[in-house]
Amino acid sequence: MLTKRIIPCLDVKDGRVVKGKSFVELRDAGDPVELASFYYKEGADELVFLDITATPEERNTMVDIVERISEEVFMPLTVGGGLRSIDDMRRMLLAGADKVSINTAAVLDQCLIREGANKFGSQCIVVAIDAKRVAESRPPKWEVYTHSGQEPTGIDALEWAKKVVELGAGELLLTSMDADGHQVGYDIELIRAVSEAVSVPVIASGGAGIPEDLYQVLVLGKADAVLAASIFHYGTYTISGIKKYLIEQGIPIRV
Amino acid sequence: MIAIVDYGAGNLRSVVNAVHTLGYRPKVTSSPEDVLNARAVILPGVGAAADTMANLKALDLVNPIRRFISDGRPYLGICIGLQILFTSTEEGGWHECLDLIPGLVRKLPPKLKIPHMGWNQVKQRISHPIFNGIPDDSNFYFVHSYYAEPDDISLVSGETEYSIPICSILTRGNLVATQFHPEKSGEVGLRLYDNFIKMALATKISSLHAD
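Keeping their order, the protein sequence lines are chains R and G.
Heads up: the first sequence at position 9 corresponds to 9 in this note's numbering, and the numbers run straight through without jumps.
Heads up: the second sequence at position 136 corresponds to 136 in this note's numbering, and the numbers run straight through without jumps.
One should not assume that every hint holds.
[As the list claims (entries may be wrong)] Just some of the chain G residues that point at chain R, by a computed CB distance under 10 Å:
# : residue
1 : Ile114
2 : His116
3 : Met117
4 : Tyr141
5 : Glu149
6 : Ile164
7 : Glu187
To be clear, the hints were calculated from the coordinates, so they are not data collected in a lab.
Cβ atoms here follow ideal geometry from the backbone N, Cα and C, with glycine treated the same way.
Could you put the whole structure together from the sequences, leaning on the hints where they help?
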């Protein structure tokens with residue numbers, strides 16, 4: 001039986017892992033290569049790196065980091081943040097990434113999804129969607145934001161999810177902006193709505209605070225994988241501890 | 001020489017890193033001569049089978065690979081490296097493959113999420129040196145939308161459930177092919193590479209042409 005994946009997320013800025021709340025207030029959380037290796041040994045199922053600075057010089061730093069990580073970590077690596085072109089994607093894949101994640105670039109240029117999928121295969125193309133609840137919408141609606149959560153687009157998140165899958169996305173990384181970094185639980189309604197609407201796997205992101213949150217989003221939210229940062233980086237919970245808890249709850253998990 | 005075939009597949013580096021970390025020095029190559037002279041050939045793969053076939057053709061690698069495998073020499077195919085061994089694939093309209101293993105590559109049924117992505121158990125159906133030190137039902141990392149169906153089911157050495165039973169590892173003499181990615185499957189994956197290389201290095205070259 002296919003197991004549910006637990007994915008630590010490493011936001012990288014100037015070669016260091018950082019974590020903030022609702023995309024701001026960044027705190028230092030360590031060296032990316034050391035952390036990646038640590039999570040690998042701890043039993044993470046996959047790793048996601050988001051380059052949150054993404055100027056050209058820093059992009060080289062990121063390529064270098066990915067190369068070093070892929071030499072010692074033998075599990076799937078997804079890299080995102082600031083990727084704008086097929087060439088950007090290729091560089092990361094050649095450096096050792098298995099998947100690339102695009103967000104703003106996908107909204108600005110939908111062809112990039114299709115081209116990337118044609119060139120590297122759908123399984124390489126993760127579309128990251130940052131979604132924010134539309135105030136007082138009933139039934140609930142979510143709006144897509146770009147540029148690290150700074151720019152509202154007016155695009156409905158559910159419609160966008162279906163669209164990107166049609167264009168060739170092989171996986172969705174869905175972040176609830178309302179919950180991100182606050183450790184108050186995932187936005188179950190958002191995750192479930194999207195997961196039920198698309199044929200590809202959905203990674204739930206934003207809001208993990210306690211192990212119960214991961215259980216809820218996997219069961220009620222129908223997520224295929226969960227992404228979390230804060231609860232792992234600061235040692236609040238270990239991956240092995242969370243996995244043990246989820247197994248006790250009857251969730252299929254790799255040990 | 002352990003040859004890792006470079007035909008433009010994106011995850012080549014991960015495979016090289018895995019073999020490196022085990023203490024071997026593989027040669028990354030797209031030369032037909034290297035393939036024919038290798039002790040072992042590893043064909044990594046992501047993407048589409050038809051593209052892979054087209055790339056191998058463009059590099060004049062189809063015949064050397066076919067001959068290498070027909071001679072019973074040690075070959076490890078990963079993901080697409082498994083699928084191209086078959087007669088034909090349904091991916092992107094029917095395309096012919098190497099036809100070294102009679103059978104078809106079909107699209108996964110739409111019952112569950114596609115791609116089949118993540119860690120899933122491999123049920124070992126036979127005892128084989130490729131499984132040395134790897135517990136039955138170990139989890140390996142999968143990412144694929146098509147699956148191979150050999151006509152001769154005795155070639156299926158390991159099986160994985162994903163709404164249907166999938167041939168996740170296939171063996172025939174010195175030929176080993178996996179639908180999963182051992183280079184992305186942590187310690188058990190590295191173990192599988194090590195088993196394959198040890199198997200390959202133990203194969204006497206002279207015995208291969210004994211008949």
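Discussion item. Name the hints, by number, that the structure is in violation of.
Written reply: Hints 5, 6 not satisfied by this model.
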